[in-house]
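Guided by the hints, dock chain L onto chain D, whose structure is given.
Here are the chains, one letter per residue:
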Amino acid sequence: MYRDHSRHKTFTRRALVLGGAKLVLLSALVGRMYYLQVVESRRYRMLAEDNRINLRLLVPPRGRILDRTGVLMADNEKNYRVVIVSEQTPNLIKTLDKLGTIIPTNDYDRRKVLREVKRKRRFVPITVRENLNWREVARVEVNAPNLPGVMIDVGRRRNYPFGEAAAHIMGYVAAVSERELTGEPLLELPDFRIGKNGVEKIQDLKLRGKAGSSQVEVNALGRVIRELKHNPGEPGSDLTLTIDMGLQKFTHERLGEESAAAVVVDVQSGAVLALASTPSFDPNLFTNGIGTEDWRELVNHPRAPLTNKPIAGQYSPGSTFKMMVALAALEAGILGTDHKVFCPGFVKLGRSRFHCWKKHGHGHMDMFKAIQQSCDVYFYDVARRTGVDRISAMARRFGLGSKLGIDIPGERSGLMPTRGWKRAVTGVPWQLGETLVAGIGQGFVLSTPLQLAVMTARLANGGKAVTPFLVKPERGAGGGKSKDAAKGKDQAKAEAATGTGAVGEGENIAAEVAGTPEFPDIGVSKASLKFILSAMNAVTNSRRGTAYRSRIKKRELAMAGKTGTSQVRRITMSERQRGLRKNDQRPWRERDHALFVGFAPVDAPRFAVAVVVEHGGGGSKAAAPVARDILREVQRRVPLGSVATIGGTKVAAASARKRARTKGGRGGQGEGAQ
Amino acid sequence: MSFDRFSHTDMSVRDKFWQINWGLVAIVCVIAIIGFAMLYSAANGSFDPWASRQMARFAVGLVIMFAVALIDIRLWLRSAYAIYLAALALLVAVEVAGAAGMGAQRWLSLGFITLQPSEIMKVAMILALARYFHKISAEEIARPHYLLWPLALIALPMLLVLRQPDLGTAGMLVLVSGVVFFMAGVRLWKFGVVFGAGLAMIPIGWPFLRVYQQQRILTFFNPEGDPLGSGYHIMQSKIALGSGGIFGKGFMLGSQGHLNFLPEKQTDFIFTMLAEEFGIMGGLFLLGLYVLVLIYGFAIALRSRNQFGRLIAIGVTATFFFYVFINMAMVMGLVPVVGVPLPLISYGGTSMLTLLFSFGLLIGVYIHRDIVIERYGDAQSL
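So the protein sequences, as listed, match chains D and L.
So the first sequence is residues 1 to 674, counted in our numbering.
So the second sequence is residues 1001 to 1382, counted in our numbering.
One chain only, chain D, in its complex shape (with noise of 0.2 Å):
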């Protein structure tokens, strides 16, 4: 035996640091086990719940929008699309070749598929075509077995049934651009649509509704392995509007091709029943994004379709006007209604010429008699005696001149100028020239449509300060006050009180008490105010009125009102030494706007109506038998019961029979309007 002894020493030496050494790598092992599986395992459990389940957000659906009877005005359509998986195909140009011949498909469709297809995951669907037909949907079902990884899916569509009728009330939905973003990761889905304008933007958030969300186990490829847990939200709340939509598509269609407002409201709650704005735009076209060839052509349109001219349009009221100058002077005591002015046609200050739109003057006039047959010349008078302070101020009393708070976006003020408004604004003093135009309406003193209505409904309610909305408030425990309903109330208080001040306290109170006014008192005299209204009765239902023509012969549906002329431009000297006035004769940017104000019935009044056609003409030709038609149109479709409901507001029935019809007696009680 040679010497192995020795060796074998060694050897067992060396193995036993041999086998030290392992036991201390061992040990690193059991350790690093330790730490990773019992002192950091909380962590990485939760990473890995991270990495197996996503949260997937659902979309609900959003509210839908009712007129006051109940006809859908907006509502969710079902978007039927065709998608593809492309795992699901064995061969994916020969299955979208096959699709083609069973729905028309074109081109795009294909070319975006095949770019989609290199960006996504294989088993994630991707739409083919959109807003599939029945017919259509019914052929790709049917042709199933032979479209291998084709399927339908149906997705939301925000769907607005009138279309242009009452676009510019309900504005628009539209995918959410960047700056709406507020975090919310509801606005970040892609099927999520947002309100733009209008009544969908400004109740956004109620129509919204709260997302769903769907818990599922996704793999590392991220393809769904099942649903954990599925929450369906809430759908967005349903909204009732104040609005009748078939008076809307009434006034709407009667407007016709014209560039023009009409605006109608409930003189006792300030109900907006109709608000038309034509030429319109399809709100539908904006959903799922507008091309640029139809917006262009919306923006660039003579007749601005995309404004909302009821409230967004300033006009000069013309002569509507003149019973805002007429109560000024009636109200400061400067002339009582027996006040006389002798019309020549035209009237001198200085070296200029204010002339009457009748050539040849109207003769002796006293203030019924120019408010009959619209008298510039004695309005004139009127303005210079009356001083234009004093008729701003009762004009804000009104309405006009400010923001009455409706609840759309896009409200403007008009204009009610004052002698200090003037120096401030322009550094020039006001000129006594200036105060005979504001007294026929024009010159400084802009307004809107809506604010006209309002006016007149102020007139035809006894001088209480309605205020006008859109939305029905929500009944509530409070006797139906919505936030929005009592904002406006306030506004009115503050208006009424900042333009007399004469608002007794006592009077304001024992109103609140009786229950029946929810709006303040404007505080002018009921003499005045019945004075101005049969001023108003004598333009429609008289002979010489200057709406003779236009009256509701009926007698109970009777309509009173003012018509209103305004100049877009001044008539030089030279043009009317040539006779160029009548408007016929001008291009149509330079005719003037036609006006009308009214209500009906004239006895017990319940509609204020404002129409305000750009450049139609006179008053009395192009706008008041439109107002006649809208007014007699409102009568029919809603019926003298049903008043007390308009609004939800409380609203002064106009006798005990009435209010026993009225279901639900909502407990309005008072004096009938006069």
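Just so you know, these hints were derived from the structure itself, not from any lab.
Virtual Cβ for every residue (Gly too), placed ideally from N, Cα, C.
Chain D is faced by these chain L residues, among others (derived, beta-carbon under 10 Å):
| # | residue |
| --- | --- |
| 1 | Val1179 |
| 2 | Gln1236 |
| 3 | Ala1240 |
| 4 | Pro1263 |
| 5 | Gly1279 |
| 6 | Ile1295 |
| 7 | Phe1298 |
| 8 | Arg1310 |
| 9 | Thr1317 |
| 10 | Phe1325 |
| 11 | Met1328 |
| 12 | Met1332 |
| 13 | Val1372 |
Simulated DEER-style distance windows between Cβ atoms:
| # | chain 1 | residue 1 | chain 2 | residue 2 | range |
| --- | --- | --- | --- | --- | --- |
| 14 | L | Ala1155 | D | Glu116 | 52 to 58 Å |
| 15 | D | Gly289 | L | Met1281 | 54 to 60 Å |
| 16 | D | Thr12 | L | Ser1012 | 29 to 35 Å |
Showing chain L alone in chain D's frame:
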């Protein structure tokens, strides 16, 4: 136990059979069964495609193991160099075939089985080194020029494996050879010299590494820096391990593994899956079994009365240890990701067969523990 009965140079096969270390065999079988279970889970509760094939291979491997164990150890001694040369030839063959193909070539298809010559080389290397160190005396080992031949034995396959390129196997060859050198009695300062030279080689060798290899090493040092790239595997593995906790998520309930967040869960990362489903308890249990195998290995080595057997036993044990350690350390994020399977558990044919082959050698060493072998392979009875 009668001493002289087994000191006979010629035992009958029947005698040898009863000498088989059944305890070790049992432990190996238990580990393999754990492996089948994990492969069954990795396939989402199916024997197909991994578990069933792994079982078949294990059965074949067991037969090989017994056969190897029963073959006279002197036969292995005499044919050690031949086996080494055969393995080397296979490596060259892979190299030639690889030049024809693209990228890394590690397999050789023999029609019915795909062979990984680098795995075979791990066993062949141990045999060759054991034979060499068995032959030379303690005095000769002390002389440096006696170490040139065994160094050459290592260098040749090393270079071939590196060219493949298979960093993991090359590292294993170095480590295992180092252990054999150490156990053969090579002076410690010589290891120091080699280690120093190796360190000096790093900056020179770095440019020769493939980009993905460089990436793996860099990623190891900062896994969170690249969570979607190479670091992803380590991160996900750590998440799986950590989320397993103490008792695990339950068999077939590991979300990381079953939802494919875990890469290579049936091969290199199978321990992660086990630890996710059975927690630290499962991990420690398996580690305990491995330690038992190591203890058997050491005991057999120390008990052998011939240097060849001792070195074989320690070499096989060392290989086994490095497999276990590197694989576990890798999935726990302690060492860079190198493709080292978990012995007896990871799915893979060649590694299973070579492992059982080497266990056969180990048991063979035990069976022939009392045979004293002369320098050139002649037995000498006491």
